[in-house]
Amino acid sequence: MLEKSGHPGQNIFFSNIFNIIGGLVYALFYKVRVESDRAIPTTGPVLILSKHWTLADVALGKIAVKKDSGRHLWCVMKDSLAKPPFGWFLLRQGGIPVNRKNPEKSKHDLLLARSVLNEQHALCIFPEQTIVPGKMGRGRLPGFRFITSKPERPIAVLCIGFHYTKRRFRRTLVEIKIGSPREFGAGEDPVLFLHERMQEIARLSGLEYTHPPAKAISETADT
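Under numbering that gives the first Met the number 0, the residue at position 102 of the sequence shown is numbered 101, and the numbers go up by one with no gaps.
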């Protein structure tokens with residue numbers, strides 16, 4: 000699927016360059032603390048569900064996962080980020096562009112995200128699907144349900160929490176907490192599973208998740 004998708008594919012050299020440059024640039028603005036049990040599987044499919052506090056989450060989370068497990072993340076991103084002049088570079092990181100307003104137009108790209116897991120890679124999605132600083136947005140079910148789609152073998156799913164604290168005359172403190180893996184198999188209820196993971200993301204981020212499970216929301220609100 001990766002070869003037939005038209006996606007240029009993830010390039011490890013470009014990914015390493017991004018991590019080095021990103022780490023140096025963000026170090027000017029952020030003091031990063033990572034808390035982890037080093038439980039990210041080093042092989043096999045891994046789906047990471049991450050809090051989305053600010054744009055910095057993408058680079059800081061990618062770097063943290065690489066340091067923690069040695070793995071280079073693929074990541075579902077909004078389609079506008081794939082446009083010139085820098086879109087090609089993000090695609091080569093493993094960025095998968097999705098039209099969030101009209102996801103039906105991105106079925107091909109969502110199938111690619113599913114294929115990334117099937118081919119034993121690590122993939123990150125932001126289930127809030129937008130930046131929500133300082134509180135938890137509602138977890139969006141359709142993307143998660145489509146990408147996981149009754150896997151033949153269980154997928155390791157991990158949550159990552161972010162918390163940003165602005166400090167006077169000092170760099171903003173970023174606390175990144177990486178959870179432990181939970182298996183998502185064909186017999187799992189995606190509604191309940193995602194709801195529990197959203198609660199876990201909230202705990203890891205020092206926040207509270209107050210939204211009801213996705214099945215209590217109309218399908219119109221989910222799309």
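Keep in mind the hints are simulated off the structure, nothing from the lab. Any given hint could be a false lead.
When the alpha-carbon atoms are kept at most 20 Å apart in a straight line, the in silico PhoX-like pairs for lysine-lysine are as follows [claimed, not checked]:
1. Lys106 with Lys149
2. Lys77 with Lys30
3. Lys30 with Lys82
4. Lys100 with Lys82
5. Lys100 with Lys77
6. Lys82 with Lys65
7. Lys30 with Lys149
8. Lys66 with Lys104
9. Lys106 with Lys134
10. Lys66 with Lys82
11. Lys104 with Lys134
Every value quoted in this text rests on a predicted model; they were computed, and no experiment measured them.
Hints and how they fare:
no.: 1; hint: Lys106 with Lys149; result: holds, 17 Å
no.: 2; hint: Lys77 with Lys30; result: violated, 27 Å
no.: 3; hint: Lys30 with Lys82; result: violated, 30 Å
no.: 4; hint: Lys100 with Lys82; result: holds, 17 Å
no.: 5; hint: Lys100 with Lys77; result: holds, 9 Å
no.: 6; hint: Lys82 with Lys65; result: violated, 26 Å
no.: 7; hint: Lys30 with Lys149; result: violated, 39 Å
no.: 8; hint: Lys66 with Lys104; result: violated, 35 Å
no.: 9; hint: Lys106 with Lys134; result: violated, 30 Å
no.: 10; hint: Lys66 with Lys82; result: violated, 29 Å
no.: 11; hint: Lys104 with Lys134; result: violated, 29 Å
In the structure shown, a violation is registered for the earlier hints numbered 2, 3, 6, 7, 8, 9, 10 and 11, in ascending order.
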